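Residue-level listing of the chains:
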Amino acid sequence: MYAELMLTLIYTFLFGSLYLGIALGFSIITGVLRIFYIAYPLLFLIPAYGTWMFWRDFGIPFELSIALSFALMFAASVAIYKFVANKFLEAEDYMLAALLLAFLIVEEAINLVYSEAAGVYLPTLIIPGTIDIGPLKIPGQYLLVSLVSLAMVALYVLFFVKTKTGLVMRAISQSYLVSKIMGISFDLMFVIAMIVASIPPGIVMLLIAPVWSLNPRVGWTLFTYGIMVAVLGGLGNLKGTIIAAYVIGFVYSVVAFAFYQPRLSGLICLIIVVIMLALRPRGLARAETVW
Amino acid sequence: MAISRTVLAAIIVVIVVVIGVAAYFLTLPTAPKLRSVKIALLYDPTIPILKVQGEAAKVAIEEINAAGGILGVKIEYKEWNTMKKVDVALAAYREAVVDWGAHYVVLEGVSEEMLALMEEGAKLYPRYPHILMYVGRASDVTVKVINEYDKYKFAFRMFDVDHDSNALNSATIFWDAKNVYGVNKIAILIEDAAWTLSARRGLRIETKHGVVEQKPFREIAKEIGLEVVYEAHFPVGEKNFLPYLEAAYARGAEYILAWTSWYTDTVTLAKQWATSIARDIYLVLAGGPNMWTIFWDLTGGAALGVMSPVYDIEDYPPVSPYTQSFVKKMHEKGLRVDLGAHYYYSAIYHIKEAIEYVAKQGRDPSNIDEVIKALETVPCSVHTLLPKEKAILGSKEGGRFHSYPAAAIPIFQFQGKDKIVFVGYGMANPYYKEFYPEDFIKKYFDTTPHPPKKPAELRGS
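Residue numbers (my numbering), protein chains in the order written: chain P, 72 to 362; chain A, -19 to 441.
By construction, these hints were calculated from the structure, which means they are not laboratory data.
Computed from a prediction, not measured in an experiment: that's the story for all the values here.
There may be inaccurate statements among the hints.
A few chain A residues facing chain P, derived, Cβ under 7 Å [stated by the list, open to error]:
no. : residue
1   : H213
2   : P223
3   : Q252
By construction, the Cβ of each residue, glycine as well, lies at the ideal position given by its N, Cα and C atoms.
Next up, chain P with everything else stripped away, as it sits in the complex:
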């Protein structure tokens, strides 16, 4: 019983932190820009396949390839904002369709060039094997992803609370109209938000690549976890996202480790999300602002 309890708690932390890292960028974009950023899966794909392209196809050193892939991702984020999101800010349905198309085009292009049979991988395994925590042996790389996710959340909270840019973004997220009257430069803030929000999914993707398959469809798979967390937490609110990530991590772990039913974990998580939304339709945070 003790072992099951320990496993449940440890994996609540591991899975919860992983889900948090996956959802972080999505919550920021949704919170600041107030759009449902359905092109979010690109932010997993571009760093992964960009790194591979620069590293293996262009022969650039691996670390530099990572930096270049992030630069590529920033450029893509700005381009999507300028040429897609910005054009349809007043027409949400068209924006959704346009963002989805942008994502699908990039995903298909990646699939064409680097299909699964291309054998793409990233040597980003930093902690091989397990780490002993009491009587348990925990997958080291998972622990690393969890700690990095937590560190990123802390940095982003500081950014929103302590910096002027963060304050402006919170203001926009609180009231778009009032911020406009106050003369805030939306274009610049939105561009910064897009760039800032693209960093966490990129880092999470690179770090989970050694424990998760890398294929052109992985972006959408990860996005579904992000949506689940963000919706449960309350779209666009970081506090809600944090709580929701650990709620889902806990439910998943209890079902898998305490009740030995991993087959049911995913289903029960979804049922819990639906029940919570029925009780609190706007999510756990019930807040309008990003923080």
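Fit chain A to the known structure of chain P by using the hints.
Chain A alone, transformed into the frame defined by chain P:
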């Protein structure tokens, strides 16, 4: 010059005989000639594994045409993109058969599509005789053909049926686990999909050819002397295998069999196994990208120690003279080879041999009914994975009519980059002995046991 009556009579007799013989041969019916062979390839080229199936069939077609075709007739082929959707596949099928006049339709390995196309094919067949074939697993395909032969006789599964393969493959693998790897406690993880029903629950089907029964894996393992300490069924598309691996470790498993297909992300499974508490437990995978040699790259080396059937090896045991050349040709095209690719390639050769058999019997090789009977009669002598005596589609035993018998699958271990080693004991394994000719086993699987290396040992080296 006078001709004697005798000579005159002889000349007349000779003339009459010559005329008679000539008349006899001239009035003999000429053997019907093959008019054309049209093969429709229905697959989704955007999905790597389905693209490979279509490409494998094309390699065989190109080889046959380069060698002069079938009875001197070049095979014509045309491709349709199914988008891996039943409705699109149905539309493509109708177009291929009705508009283009396909004689043979080779469908990608998607059972839902096959079952839908069989229904449509039953309506089309009387006006447009053709043969529909695919490489996939769903007992229903075979049961339909057995129970309603006249309606579905045009349908062939150029593969083994799931209840047959689940039984033989698991027994072969468990025998090695017990007798070569030396394990006693095992964990079984089974993909929760239709094709594994018999592996999970066992099976009993009543057919016109008799009752088909199969025990679930746990019972097969028990009969071989293994203790199943953990069994779990994971959903298709599972991404988080850590709970299963933790449970297998907690129950003391020394060996994990993950019964997977392409629906399971075995890359993620191997990666998570390699970084989990279970990484010192033997891991054996079934289907998926682990059948490719590049599984090593896909996992970034996390496959070290993983065991799996690997059909992509250029020096794969040459069951037929075509086995190794096929793999090499696919590699030259930049394509990988899995189990299905071998079967799609061989299917085209089986069609060729059936048509030639019909002609040899003096019957019409363009007559599809005749070719169906021939496919039920003639083995594929050049099948790349099945010995000739096993490459038959007409057996009425074991519920495998219009399907091949299951094959004993050799298991390999990833022991390093480009180091994929056969593990097992072919000569002693009774399931190998039953399947492959003895001299073949001796030559390619050796006469001594080849135990796998322990994952920890491989990591250490």
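_Given Q252 of chain A as an interface hint, is its Cβ closer than 7 Å to any Cβ of chain P?_
5 Å, holds
*Going by Cβ atoms only, is H213 of chain A closer than 7 Å to chain P?*
6 Å, holds
*Close enough to count: is the Cβ of P223 of chain A nearer than 7 Å to one in chain P?*
Holds - the Cβ of P223 of chain A comes within 7 Å of chain P, reaching about 4 Å at its closest.
Violated hints are absent here; each numbered hint is respected by the structure.
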